[in-house]
Amino acid sequence: MEGRTVAESPNLGTITKTKYNKIKNGMTYEEVAKIIGGSGEAVSEVGEKGDEFYTVMYSYKGEVGPGANAVFTFQGNKLQAKAQFGLE
Numbered sequence: 001m002e003g004r005t006v007a008e009s010p011n012l013g014t015i016t017k018t019k020y021n022k023i024k025n026g027m028t029y030e031e032v033a034k035i036i037g038g039s040g041e042a043v044s045e046v047g048e049k050g051d052e053f054y055t056v057m058y059s060y061k062g063e064v065g066p067g068a069n070a071v072f073t074f075q076g077n078k079l080q081a082k083a084q085f086g087l088e
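In full-length UniProt numbering, the protein residues as written are 1 to 88.
Warning: the hint list may mix true and false statements.
[What the hints assert, rightly or not] Using 30 angstroms as the maximum straight-line C-alpha spacing, the simulated BS3-like pairs for lysine-lysine come out as follows: (1) K19 x K49; (2) K82 x K61; (3) K34 x K49; (4) K49 x K22; (5) K82 x K49; (6) K34 x K24; (7) K78 x K61; (8) K19 x K78; (9) K82 x K34; (10) K78 x K17; (11) K22 x K61; (12) K34 x K78; (13) K61 x K19; (14) K22 x K82; (15) K61 x K49; (16) K78 x K22; (17) K24 x K61; (18) K34 x K19; (19) K61 x K34; (20) K24 x K78; (21) K82 x K24; (22) K34 x K22; (23) K17 x K34.
[Said to hold, decoys possible] Across the chosen pairs, the derived CB separations fall in these ranges: (24) N77 x G37: 17 to 27 angstroms; (25) Y54 x E88: 26 to 36 angstroms; (26) G86 x E48: 16 to 26 angstroms; (27) E48 x E88: 36 to 46 angstroms.
For the record, the hints were derived by calculation from the structure and aren't laboratory data. Since this is a predicted model, take the numbers as computed values, not measurements. All residues carry an ideal CB built from backbone N, CA and C; glycine is no exception.
Throw the hints in and build the complete structure from the sequences for me.
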């Protein structure tokens, strides 16, 4: 998100196809971040933290390939959807 500093996100993490395939709907954000090895970049946020329908979308850059990335959408801290492009 705009205005984020390196101090707030010391390790955004990068993702591979292997890590992506380990991640399943229903996992918490913390579980996903642990698999990937970083916090990701919050690219969209709807609602208030703590609300049942609080929704956040996190993006991770792929380790290999130009433009490779993965996006994860959490609602109520549970993974609801995931998508990837170009992961190897």
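For each hint, the structure was consulted:
Between K19 and K49, the direct Cα distance comes to roughly 27 angstroms. Compliance with the 30 angstroms bound is thereby established for this hinted pair. At roughly 14 angstroms between alpha-carbon atoms, K82 and K61 fall within 30 angstroms of each other, so this suggested pair holds. Between K34 and K49, the direct Cα distance comes to roughly 20 angstroms. Compliance with the 30 angstroms bound is thereby established for this hinted pair. Of the pairs offered as hints, the one joining K49 and K22 holds, with about 26 angstroms between alpha carbons and a cut-off of 30 angstroms not exceeded.
Annotation: proposed proximity of K82 to K49 holds, straight-line Cα distance about 20 angstroms (limit 30 angstroms). For the given pair, K34 sits about 13 angstroms from K24 by alpha-carbon distance, which is consistent with the 30 angstroms threshold. Of the supplied pair hints, the one linking K78 and K61 holds, its CA atoms being roughly 21 angstroms apart against a limit of 30 angstroms. Straight-line distance between C-alpha atoms of K19 and K78 comes to about 17 angstroms, which keeps the hinted pair within the 30 angstroms bound.
For the hint pairing K82 with K34, the CA-to-CA distance comes to about 16 angstroms; that is within 30 angstroms, so the pair holds. Our distance criterion of 30 angstroms between C-alpha atoms is met by K78 and K17, whose separation comes to about 21 angstroms. Taking the CA atoms of K22 and K61, the gap is near 16 angstroms; set against the 30 angstroms cutoff, the hint holds. Pair hint K34 plus K78 holds up; C-alpha atoms about 14 angstroms apart against a cutoff of 30 angstroms.
Taking the CA atoms of K61 and K19, the gap is near 12 angstroms; set against the 30 angstroms cutoff, the hint holds. Between K22 and K82 the CA atoms are separated by roughly 12 angstroms; this keeps the pair inside 30 angstroms, and the hint holds. Straight-line distance between C-alpha atoms of K61 and K49 comes to about 25 angstroms, which keeps the hinted pair within the 30 angstroms bound. The hinted pair formed by K78 and K22 meets the criterion: a straight-line CA distance of about 15 angstroms does not exceed 30 angstroms.
Proximity of K24 to K61 is assessed by CA-CA distance (about 18 angstroms); at most 30 angstroms being required, the pair is judged to hold. With a CA separation close to 10 angstroms, the supplied pair K34 and K19 stays within the 30 angstroms bound. Of the supplied pair hints, the one linking K61 and K34 holds, its CA atoms being roughly 15 angstroms apart against a limit of 30 angstroms. Using a Cα cut-off of 30 angstroms, the hinted pair K24 and K78 holds, with the two alpha carbons roughly 10 angstroms apart.
Of the supplied pair hints, the one linking K82 and K24 holds, its CA atoms being roughly 9 angstroms apart against a limit of 30 angstroms. For a cut-off of 30 angstroms, the pair hint linking K34 to K22 stands: about 11 angstroms separates their Cα positions. Restraint check: the Cα-Cα separation between K17 and K34 comes to about 15 angstroms, which is no more than 30 angstroms; the hinted pair holds. Range check, N77 to G37: about 19 angstroms between beta-carbon atoms, so the 17 to 27 angstroms window is met.
The given range of 26 to 36 angstroms is respected by Y54 and E88, whose C-beta atoms sit roughly 33 angstroms from each other. Our hint of 16 to 26 angstroms for G86 and E48 is violated, since their Cβ atoms are close to 34 angstroms apart. In this structure the supplied range 36 to 46 angstroms holds for E48 paired with E88, their Cβ-Cβ distance being about 38 angstroms.
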